[in-house]
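Turn these sequences into a full structure, and let the hints steer you where they fit.
So the chains spell out like this:
There are 2 protein chains.
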Amino acid sequence: MRNPKYLKSLFEPRAIAFIGASNNPAKWGFNILHHIIKAGFAGPIYPVNPQGGTWFGRTIYKDLNEVPRPVDLAIIVVPGERVPDAMRECIGAGIQAVVIITAGFGEAGAEGKALEQEVLSIAQSAGVRFVGPNTMGVFSAYPSPVQALMTAQEFKAGAVAIVTQSGNLGTSISYRFLRRDIGISRLISSGNEADLTIEDYLDYLETDEKTKVICLYVEGVRHGRRFFETLRRLSDSKPVLLLKGGTGTVGADAAMSHTGALAGSFTLFRAMCRQANVILTDTVDEMIDVAGLLLSQPEVRGKRIGIVTQGGGWGVISADLCEAAGLEVPPLDVRVIEKLDTFLPAFWSRRNPVDLVAPGKVSMITDSVEALLQYMDLDAVLLLGMGYMTARARRWLESPVLPLDVMEQPARKMIAGEMQLLDLVVQQIKQFKKPIVPVIDLVGFDMEGEGNIVKHLDALGIMAYSSAEQAVRALTKAEDYYRKRREKSR
Amino acid sequence: MRNPKYLKSLFEPRAIAFIGASNNPAKWGFNILHHIIKAGFAGPIYPVNPQGGTWFGRTIYKDLNEVPRPVDLAIIVVPGERVPDAMRECIGAGIQAVVIITAGFGEAGAEGKALEQEVLSIAQSAGVRFVGPNTMGVFSAYPSPVQALMTAQEFKAGAVAIVTQSGNLGTSISYRFLRRDIGISRLISSGNEADLTIEDYLDYLETDEKTKVICLYVEGVRHGRRFFETLRRLSDSKPVLLLKGGTGTVGADAAMSHTGALAGSFTLFRAMCRQANVILTDTVDEMIDVAGLLLSQPEVRGKRIGIVTQGGGWGVISADLCEAAGLEVPPLDVRVIEKLDTFLPAFWSRRNPVDLVAPGKVSMITDSVEALLQYMDLDAVLLLGMGYMTARARRWLESPVLPLDVMEQPARKMIAGEMQLLDLVVQQIKQFKKPIVPVIDLVGFDMEGEGNIVKHLDALGIMAYSSAEQAVRALTKAEDYYRKRREKSR
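Heads up: the protein sequence lines correspond to chains A and B, in order. For the first sequence, counting from 1, position 250 maps to 250 in the numbering used here; every step adds exactly one. Position in the second sequence counted from 1, then plus 490, gives you the numbering used here.
FYI, nobody ran anything at the bench for these hints, they're computed from the structure. Among the clues, some could well be false.
With a cut-off of at most 27 Å between alpha-carbon atoms, the simulated DSSO-like pairs for lysine-lysine come out as follows [unchecked claim]:
| id | chain 1 | residue 1 | chain 2 | residue 2 |
| --- | --- | --- | --- | --- |
| 1 | A | LYS339 | B | LYS603 |
| 2 | A | LYS38 | B | LYS903 |
| 3 | B | LYS920 | B | LYS700 |
| 4 | B | LYS517 | A | LYS361 |
| 5 | A | LYS27 | B | LYS851 |
| 6 | A | LYS413 | B | LYS528 |
Some but not every residue of chain B turned toward chain A, in silico, with C-beta under 10 Å [said to hold, decoys possible]:
| id | residue |
| --- | --- |
| 7 | PRO515 |
| 8 | THR661 |
| 9 | TYR665 |
| 10 | TRP886 |
| 11 | LEU932 |
Computed from a prediction, not measured in an experiment: that's the story for all the values here. Just so it is clear, CB atoms sit at the ideal spot from N, CA and C, and this is done for glycine as well.
See below:
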């Protein structure tokens, strides 16, 4: 499917007009303009405000007519009553795509609804398409960053697209991805969807080569049939994760008041998602966990899980979690036991979970993983307990009790050993083409400076989980998605 | 109940002997000794090793008999076959309490079991009591820090006690508490429980004035009746949280191999916990979330929740979560609507969740909370969306696009405003004696320097949650605990 021109104008503009530029830091007319400039959009950015003046050295144009052409995209942040005129000016300037940030439309009573209808009519009369109103804005990473967004954070280009019917959920989701060094391809806060709806964005993302995984926050869909038909098609090539808002009665009412979306029956919605092989997630965090696995690991081809742990308790609760989630933790093949007997300490567990106790050498860890994947038909390995060697070595270096000259060498060696272990794990993932999922307690801990093994893994493109629960949940949902996709393609 | 002398010797020793001191950083004989010294134990610490020598300037005693007396506590890290002799030496030195770190006992086959029995007989012959073997060690904060523990992190004295049948789970739990600035009173890794068992530690914690909340990781109990009777009594005065390992069949087998504990039927165990008003948590993270609420907020006296949000979507999913958890999100009293109409922007939600949209002044947030708690019989308020003002202001200060001299004043003002908001929230918690629970997306984000509102709240003793899911889960479990406790005391 070819994408219409207005979507290209929206996501890949050559020039941007910003209508409602302001020098007041309390206003979106200041902040969103700041974000666009700061993110480094390669083409021209034209601030517009009837009062003219400058924005930190940039000319503010008094009138959109004064702005050089062509302009593909306009961002409108002026007060509601001035939006119809702003839209007319955009039409006059030959602009194809508009983002209306301004709130107080369809979500705000009869008057707002009438205003929204007026703006829609004006746009439709000229074939201009728009995002919003009442939107947090859009982000697009390619070919050049467009951060026309309320959110202040620094974006990174990547493969996750986010379409959200709530700006603040869009912020929550993108913050979490970016924190884990997972980049974003596009982010659309769809707002009131007076014109462009979630289905239009999905059409674009379907053929968007930059987007590998799609995350949706949905309160209610306006074109249910088109929505699920699109998803059914889309999920054959790209995983779609969906968090549903308004699943309860109070939440559904709140959603109605929030963006005017009718939440409808969640039972039905859920059934439709299952049919369309959409990955429903219960929380924002789960969305990040599942997407991270889909992006960073090979296909999960079954439910048989090997567990390799540096501590008994971690193995126990991980096995519990697998079993509760419907995954299997099969007994060890005798060849694995024989192999591990050759290099593990005498009192290793001799069962799956493979409890290495405190392994003397990091090679024991990767050799154990290798034996499991070599001799058994496993579908994934959970790798528990990394990070503590590095944490201990760092304590040595900081300790007022220990002389640095004595401790520096063993500490550096220990830190380097664990870093090397991570590189080996990444190699094994490629070699065996199976997920090896690290669970590292220290995810989320402030570990400044060297030896942050979570950041090292993030940089290697491998998602580490802070708890076995998150890893197992991600594996379970990914396995389900891939299985259904394989079954459908047969 | 008075606590026997050996428990006082264990948790409040006057002097510690460390048997198996080592200069090799790869050994526990090095690291645990390091942790004890570094943590700043106030009394004398006597390293012991037949080879003698020094440990970074400290004398290593060749024989425990050479060590000055009295010594209350001995930590044993020597190889298994030498533990019986070490125990005999402890008896000779008049030591009351011993921690046997060494592994390879009851968890390691028939030979290990025999060795364990031998050590037990020796100890029992003299009335010496011991922790372990096969333990990560113990931590005690009062009166002086005893960090006889494998874990390298820096401990902080506080009100949470942890008893764990897995050392690595103990590490996972304590790391998470300490990261949130929640201090620990005692931590016991109970190991194989050859002598002292979890029930003994519970007896001590029951009368321990420093301990307000107790967290347990349990794989199997040796004295089921005593265990649950203790808990039933204990939970009347102190909340007890419990994470169960070995709830599945593979996990139960692994637990058996791990510490020799028989996991038994989880269905029965769960029913017993309910009867004893023990708070069962599904994950380590949930344990921290619930304990944080119990420690930082007033009693949750019912299920009626007010939601105040700076973004629509956050309100929607929070209402969904409350409803799914069996909490109520009651409609607004008309007096609240009238009051909020006087200061909120025209298009506020006029419903619970109270969606402030983007509040112009921070006072709108606290004024809204006040109106809710003043005019309605609510049991708690969820406060969603803080932190983004500070995040934006910090971006201004870092921005290469904006001149610092222009932005510094508004940025400082905005950061100060949000900090002040937090102080007001803490005041309101005290004033209304009801939980006001902040949900802040930025929990867990590295925000170095000023303006980390999560760290500010942590320092104020208020737990902030990174997601509504976590906050709702904590509120739900806390409400259930308090309700049962009130019902029982009637």
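### Message
Are any of the numbered hints broken by this structure? If so, which, sorted upward?
### Response
none
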